[in-house]
Amino acid sequence: MTERAAPPPPPWLSIEGVSRRFDGVAALKDISFALGAGEILCLLGASGCGKSTLLRLIAGVERPETGAITLAGQVLSGSGAFVEPEARGIGFMFQDYALFPHLNVADNVAFGLKGRPRAEVQARVNEVLTVAGVAHLADRFPHMLSGGESQRVALARALAPRPRLLLMDEPFSNLDQGLRETVRAETLALLRQMQVGAIIVTHDPSEALAVADRLAVMHAGQIEALDGPRQLYHVPPTLYVAQFLGAGNVVPGVAERGQIATPLGVFPAPDLAQGQPALAFFRPQALTLCDLAEGAAARVLRHDFLGAQERVFLTLEEGGAPLQLDLPATAQFRLHERVGLRLDPAAVRVFAAEG
Amino acid sequence: MWNGSASITEAVQIMAATDLMQSLLPRRTSRPALGGGRHWVWGSGFVAALVLAPVLALIWQALQGSDGLWAHLWAYVLRPALGQTTVLLLGVGLIVIVLGTALAWLVAAHDFPGRKVLDWALLLPLAVPSYIIAFVYLELLHPLGPVQELLRAILGYDNPRDFRLPDIRSMSGAILLLGLVLYPYVYLPVRAMFAMQAAGLLEAGRMLGCTRTHLFARLALPLARPAIAVGASLALMEALNDIGASEFLGVRTLTVSIYTTWVTRSDLPGAAQIALVMLVVVAALVALERFARRKQRFAGGAQRIRPLLPERLTGLRGWAALALGALPVVLGFGAPLFWLLSEAVGRIGEAGISPQLWAEMRATLGLAAAATAAVLAGGMVVAFAARLWPGGTTATLGRLASLGYAMPGTVVALGVLVPVAGLDRMIDQGAQMLLGFGTGLVLIGSGAALVYAYVVRFLAMSVGGIDSGFAQIPRALDHAARSLGDGPGASLRHVHLPLLRPALVAAALLVFVDTMKELPATLLLRPLGVETLATHLYSEAARGTYEDGAIAALAIVAAGILPVIALARIGRRNGAGRRP
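From first to last, the protein sequence lines stand for chains A and B. 1 is the number of the first residue of the first sequence in the UniProt record's numbering; add one for each residue after it. 1 is the number of the first residue of the second sequence in the UniProt record's numbering; add one for each residue after it.
Hint data in this document are derived by calculation from the structure and do not stem from the laboratory. Heads up, the beta-carbon is just placed ideally off N, CA and C, and yes, glycines get one too. Be aware that one or more of the hints could be misleading.
Said to hold, decoys possible - A few chain A residues that don't get close to chain B, going by computed Cβ distances all over 12 Å:
#1 R56
#2 A110
#3 V131
To be verified - These stretches of chain B come out as covered by chain A in the derived footprint (C-beta under 8 Å, 3 or more residues):
#4 198-209
#5 435-444
Claimed, not checked - Pair ranges (Cβ atoms, derived):
#6 B:W319 <-> A:F82: 20 to 30 Å
#7 B:E311 <-> A:P345: 36 to 46 Å
#8 A:Q74 <-> B:L316: 30 to 40 Å
#9 A:A46 <-> B:L562: 38 to 48 Å
#10 B:R501 <-> A:A87: 48 to 58 Å
#11 A:D176 <-> B:F291: 30 to 40 Å
#12 A:P328 <-> B:R501: 50 to 60 Å
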């Protein structure tokens with residue numbers, strides 16, 4: 001259920017104490033993390049959390065106010081040094097792809113290869129276009145491309161100069177749902193094949209969980225948590241991370257003698273002070289139905305058919321906010337039925353209640 | 001002049017018509033027409049016919065001339081005028097493109113002291129009509145004027161015969177002065193392009209290894225090409241429309257030739273023939289603009305608006321950038337305004353404001369108000385018809401109704417004169433038969449003919465402005481109003497008009513100010529004995545007397561500043577993109 005946190009890879013990119021403000025408002029506060037070579041990191045957060053700004057700082061199109069950014073031992077910015085974006089060897093993929101409208105696909109891809117012999121440029125362009133599966137579009141202009149084609153061309157263009165690192169700003173958000181997952185899988189396979197490390201900004205938790213080696217959840221200009229996706233999903237360090245990454249239930253309680261008591265059981269809370277209000281958090285799948293005698297009594301409020309499963313909403317007879325749990329679509333239950341609820345205590349995380 | 005054409009708004013409206021700006025706007029989903037209100041489409045057809053009538057009349061009139069006259073006209077008037085016009089357009093085109101693009105790049109891609117102010121101040125020369133800048137510089141640079149006096153004092157000459165600058169009354173003088181007030185037509189769209197669309201693309205270029213120095217030539221310039229084409233063609237239409245500056249400066253352009261052929265030689269068919277040649281030149285300009293933007297369909301409506309990260313110029317380089325950028329503002333706006341102010345203050349102190357000038361102001365405002373009302377009404381009919389019945393027919397009618405923006409004022413005036421004079425004769429004869437007395441030339445005499453010309457000339461502004469106002473109103477509101485029992489007319493009153501108010505106010509402001517500044521059509525069609533501020537200035541400059549001229553010019557420039565401020569604010573709103 002839980003994975004062991006992977007040993008931190010030797011740093012390839014390292015960010016230390018980076019801050020940035022816009023018009024006096026802090027967009028990034030003292031950000032630090034490291035990225036291993038070939039690693040794929042997702043920056044996940046709600047809009048306005050600073051994730052795009054962080055990406056632009058690494059790319060060099062914004063300057064940090066404090067802190068240092070180092071790539072492969074070279075200081076990109078910090079302590080007076082600043083490497084211009086064109087000299088960083090970092091590829092960037094824009095959310096809107098930013099294909100040059102006056103150049104055809106081949107010339108777009110060749111743009112980053114300036115200064116090399118013509119034959120070499122030609123060969124590299126053909127190579128990346130072929131790998132990206134868009135070689136047949138070489139003569140088209142950007143306005144003649146579909147969304148998926150534009151995305152592949154943008155990827156090919158970013159990879160053509162063999163970047164040391166690829167930054168991707170919401171690279172799949174302009175694609176339709178069905179196409180998105182295909183393109184995402186292809187893109188990831190391509191990155192692994194070329195052994196290019198990447199930082200992918202996204203606001204979609206399921207996307208981040210699916211693609212990331214490690215995942216950084218950002219909130220209000222700070223990194224709230226950074227770890228493997230399974231670890232963060234199952235053992236979230238904060239309530240924000242827990243709720244951002246997926247559906248969950250929250251049951252209130254009060255800390256007494258190192259634990260909190262709730263209608264669904266008593267859970268350890270060793271870090272909380274005596275009498276401090278607390279919240280027990282658990283995913284829907286941690287709840288199961290049982291005989292009334294064996295669990296807490298609850299009533300079925302409503303249920304949403306999700307296809308593969310049924311999401312059931314219940315209220316405890318002792319009151320409180322509705323709880324959700326997932327049952328197989330074949331499960332038998334009735335609306336307003338009284339049922340017993342059992343909670344797997346290993347799946348419960350206890351947080352101090354804020355405010 | 002300026003006036004006519006262009007106004008800035010027009011510039012914006014026409015830009016909005018180009019793919020360039022459209023790619024920035026959310027795609028409009030086409031929905032089936034709601035139906036009803038068919039008569040609005042007929043109204044739109046009527047308005048379009050009103051605009052087309054002068055062109056047809058012009059062709060008819062041109063065919064009246066005899067062959068012998070044509071040969072004479074060609075050899076002695078048309079060929080030299082065509083040559084002079086070509087040289088003027090080439091020169092002005094070069095200046096506005098270089099100046100407009102360079103200034104846009106300076107302000108968009110660099111940061112230096114005073115950049116924010118310069119950003120909008122560079123639009124200010126738009127407020128100075130070409131005939132006023134010529135009027136001012138004729139005085140300023142006169143051999144006995146302040147500039148040359150000062151130069152002689154500095155250099156130690158005491159006689160104008162020993163030292164004088166080259167005469168401003170020349171082709172190069174006209175090119176420089178027109179370029180000085182027309183460059184904002186290029187600056188504005190190119191600046192918008194850099195600010196709104198290019199930022200992401202330029203960043204992409206840098207991250208693909210393109211250095212700042214190469215960025216301009218490799219990316220910015222090719223990207224700006226469509227915007228440059230739009231802006232330059234607008235500026236050249238203004239230059240073509242100009243009558244005052246060319247005439248004061250001794251350049252015999254086509255516009256000046258139309259005026260003299262008609263007014264001095266009373267050769268209406270000859271003037272009409274020159275006017276047709278002028279329309280050919282306009283068509284060539286439009287074709288050139290289309291060619292320059294070929295294949296430039298900008299992809300992707302999803303571009304996020306993001307400011308360009310400017311390169312900081314510090315110390316001496318920063319101040320040099322400011323000085324360089326401020327120079328066009330000082331020459332094209334600051335110096336003329338300062339001179340007009342000091343002259344006007346002196347004149348008012350000496351003689352007050354003459355009753356004649358008051359009468360001219362009343363006439364100017366009255367004509368402008370009448371024209372504004374008519375232009376808005378016509379624009380509303382055309383735009384609402386397109387709203388009710390979206391599709392090819394109403395779109396074509398809208399384009400026809402907007403044709404006037406490309407027609408120089410003299411051409412419009414000439415085209416309007418023929419049918420209106422015919423109508424006047426009919427009314428006169430009818431009145432004589434029925435009432436026993438003649439009405440004279442009631443349409444021309446009352447100023448109705450002039451207002452008609454203004455409508456033809458400026459309708460594009462209101463059609464464009466109201467159209468984009470409609471585009472802001474979700475179609476769901478139309479459906480809601482109709483499903484709640486409003487017919488087309490009632491929904492216009494209850495839903496659209498209140499929501500269109502900002503667009504209507506903006507269009508009204510533009511039309512009003514442009515009408516105030518209009519010179520060529522006003523000169524040709526004003527009722528006998530009526531002078532406006534612009535024609536007053538023209539006749540003083542033509543006579544070489546400078547009495548109330550400065551006050552009249554100051555009033556026109558002051559009015560002209562209003563839309564520039566509005567424009568600068570729009571630009572700021574669009575340019576200042578929020579960061580993600």
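Hints versus structure:
1. R56: violated, 8 Å
2. A110: Given a closest Cβ separation of 10 Å, the condition is violated.
3. V131: holds, 18 Å
4. 198-209: With 9 residues close enough to chain A, the hint holds.
5. 435-444: violated (count 0)
6. B:W319 <-> A:F82: 20 to 30 Å: holds, 23 Å
7. B:E311 <-> A:P345: 36 to 46 Å: About 60 Å separates the Cβ atoms of E311 (chain B) and P345 (chain A), which means 36 to 46 Å is violated.
8. A:Q74 <-> B:L316: 30 to 40 Å: holds, 32 Å
9. A:A46 <-> B:L562: 38 to 48 Å: At 43 Å between Cβs, range holds.
10. B:R501 <-> A:A87: 48 to 58 Å: Cβ of R501 (chain B) to Cβ of A87 (chain A): about 52 Å, so the range 48 to 58 Å holds.
11. A:D176 <-> B:F291: 30 to 40 Å: holds, 37 Å
12. A:P328 <-> B:R501: 50 to 60 Å: The hint (50 to 60 Å, Cβ to Cβ) holds, given that P328 (chain A) and R501 (chain B) are roughly 59 Å apart.
In summary, the structure is inconsistent with hints 1, 2, 5, 7 from the numbered list given earlier, while agreeing with the others.
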